[in-house]
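Colleague: Position one of the sequence shown corresponds to residue -12 (our numbering), numbered consecutively onward.
These aren't lab readings, by the way, just hints derived from the structure by calculation.
Among the hints, erroneous ones may be present.
[Stated by the list, open to error] Here are the simulated distance ranges between beta carbons: (1) LYS177 - SER243: 22 to 30 angstroms; (2) MET352 - GLN441: 22 to 30 angstroms; (3) ASP253 - LEU428: 41 to 49 angstroms; (4) ASN349 - ALA247: 41 to 49 angstroms; (5) LEU428 - ARG492: 25 to 33 angstroms; (6) ARG161 - ALA247: 35 to 43 angstroms; (7) GLU407 - LYS244: 13 to 21 angstroms; (8) GLU199 - GLU168: 22 to 30 angstroms; (9) GLU563 - ASP448: 56 to 64 angstroms; (10) ASP494 - GLU407: 53 to 61 angstroms; (11) VAL522 - GLN441: 16 to 24 angstroms.
All C-beta atoms, glycine included, are put in the ideal place defined by N, C-alpha and C.
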Amino acid sequence: KQDEVNAAWQRLKGLALQRQGKLFGAAEVQRFNRDVDETISWIKEKEQLMASDDFGRDLASVQALLRKHEGLERDLAALEDKVKALCAEADRLQQSHPLSATQIQVKREELITNWEQIRTLAAERHARLNDSYRLQRFLADFRDLTSWVTEMKALINADELASDVAGAEALLDRHQEHKGEIDAHEDSFKSADESGQALLAAGHYASDEVREKLTVLSEERAALLELWELRRQQYEQCMDLQLFYRDTEQVDNWMSKQEAFLLNEDLGDSLDSVEALLKKHEDFEKSLSAQEEKITALDEFATKLIQNNHYAMEDVATRRDALLSRRNALHERAMRRRAQLADSFHLQQFFRDSDELKSWVNEKMKTATDEAYKDPSNLQGKVQKHQAFEAELSANQSRIDALEKAGQKLIDVNHYAKDEVAARMNEVISLWKKLLEATELKGIKLREANQQQQFNRNVEDIELWLYEVEGHLASDDYGKDLTNVQNLQKKHALLEADVAAHQDRIDGITIQARQFQDAGHFDAENIKKKQEALVARYEALKEPMVARKQKLADSLRLQQLFRDVEDEETWIREKEPIAASTNRGHFAAEDVKAKLHELNQKWEALKAKASQRRQDLED
-12 KQDEVNAAWQ RLKGLALQRQ GKLFGAAEVQ RFNRDVDETI SWIKEKEQLM ASDDFGRDLA
48 SVQALLRKHE GLERDLAALE DKVKALCAEA DRLQQSHPLS ATQIQVKREE LITNWEQIRT
108 LAAERHARLN DSYRLQRFLA DFRDLTSWVT EMKALINADE LASDVAGAEA LLDRHQEHKG
168 EIDAHEDSFK SADESGQALL AAGHYASDEV REKLTVLSEE RAALLELWEL RRQQYEQCMD
228 LQLFYRDTEQ VDNWMSKQEA FLLNEDLGDS LDSVEALLKK HEDFEKSLSA QEEKITALDE
288 FATKLIQNNH YAMEDVATRR DALLSRRNAL HERAMRRRAQ LADSFHLQQF FRDSDELKSW
348 VNEKMKTATD EAYKDPSNLQ GKVQKHQAFE AELSANQSRI DALEKAGQKL IDVNHYAKDE
408 VAARMNEVIS LWKKLLEATE LKGIKLREAN QQQQFNRNVE DIELWLYEVE GHLASDDYGK
468 DLTNVQNLQK KHALLEADVA AHQDRIDGIT IQARQFQDAG HFDAENIKKK QEALVARYEA
528 LKEPMVARKQ KLADSLRLQQ LFRDVEDEET WIREKEPIAA STNRGHFAAE DVKAKLHELN
588 QKWEALKAKA SQRRQDLED
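Throw the hints in and build the complete structure from the sequences for me.
Modeller: Here it is as structure tokens:
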């Protein structure tokens, strides 16, 4: 029983399961249909979105639509699995429910049709949205770039030209920074151009607008680069101008100092001071030459700016011309200053030479004007010394000639101190002439002194001779006997001849003294006195000469008398013994006696006369 129950139970259970299977199969088909309908309904719902012609008006809206579309595509991706599952379910159901296979296949095909349609719509919309995105992206880039170009133009145009080198350098630095920013945007321009070209190549529906925008963008970029280049040129010109201004200002300041240096009118008051000034001027000229390179470079720089049509070319030309004019004036003043210093140097050389010559001449004048000739000692040595002195003067004539030549040259070139030069030159020449005159005069006087010395020697010789003659004439020796007197007379005759012979020498002395007088001999008066004294002494010999001659004659007669008396006395002494004899008489005794008496009388008279004569001779 139990087995029957179990069997019945099993049959019931089987029927229940069979019933359950049929019900479950119908439920599966219904569920499949429902799922397909829901899926198709969802697809239909999404088809409305996919069929929208709103592709965005700008990048943001396009991006929003794309994000929304991407969400739909993700939904579609998720739905694809469901569609695949439903198709698989349809295949299974067709096999498991053959009776419903046709209806299931219809549903399946309907699902696939809607699925394919929405996929096509999604792809088309995605493509359209992508086209719109690329367009809006391009337009956004276009707007950004054109806006940036506008801002950059404004920024580039905003900078004013600098007024100094530092400002110009900063301006160029900023401008170069702008170029860096422009270069940094080059990829953006390239990307935008590539985007636009891609749109054109793809035959984008907005190709005309894209082409127009590409043209505008290219023009804006070119205009920006042109503006940048224009401003670069302006800024570089500004830099060049400020460099020119700075350098010209430096040169102007330098020239102001040099002009101040040239304002110095000190030409020196001595050779050393002039040499020092010339040294300073040479240093100044070296500085001028060194600066000349900078001025030449400035001139070339200014010429280049003018040739390149610099915006300030007129001012550059004006400053350049003013600078060159000032430079030329500075050179002219420097040349004048050098010429003045050279004139001063020549003047001081002339002054030095003239002072040295003047001092030398004055020193020599002492020698030329000394009165050494008045001292008769060593006259020959003095004459030789004077000849050497004259030779020294002759040797120094070239110095005088050189001084006169130098002075005349200064006068001929119209030297600023020509009057003083002439005065000094004339003074030295005058002193020189006086020196020569004094030297010549001293030479004359030395020769005169030499002649006078010879004259004096002659006078002294004659005076010595006169002393001897006067001594002879003054002698009181008129002889002690006849022979002695005769000898004295002979000597006197020789003396007379000697005195007569000296008349020529005396006349020569007189003539020489007269010549000295006529020649204006410096000691003519003393010479004349000596000559007159000598002549007087010589003339004074005549009287004592005659007197001595007479006295000698008298003495001769006296001595002759004495001789006669002696002869008589001798005779008397010889005869006296005879006369005195008493032994025998003489026939002439009386006569002898008378004769003796007479002789004694004569003897006494003669002795008296002789005594008187002697007294006269002594007187």
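Colleague: Take the hints in turn and mark each one as holding or not.
Modeller: Consistency of the hints with the structure:
| no. | hint | verdict |
| --- | --- | --- |
| 1 | LYS177 - SER243: 22 to 30 angstroms | violated (57 angstroms) |
| 2 | MET352 - GLN441: 22 to 30 angstroms | holds (29 angstroms) |
| 3 | ASP253 - LEU428: 41 to 49 angstroms | holds (45 angstroms) |
| 4 | ASN349 - ALA247: 41 to 49 angstroms | holds (43 angstroms) |
| 5 | LEU428 - ARG492: 25 to 33 angstroms | holds (30 angstroms) |
| 6 | ARG161 - ALA247: 35 to 43 angstroms | holds (40 angstroms) |
| 7 | GLU407 - LYS244: 13 to 21 angstroms | violated (33 angstroms) |
| 8 | GLU199 - GLU168: 22 to 30 angstroms | holds (26 angstroms) |
| 9 | GLU563 - ASP448: 56 to 64 angstroms | holds (59 angstroms) |
| 10 | ASP494 - GLU407: 53 to 61 angstroms | holds (60 angstroms) |
| 11 | VAL522 - GLN441: 16 to 24 angstroms | holds (18 angstroms) |
In summary, the numbered hints that this structure violates are 1 and 7.
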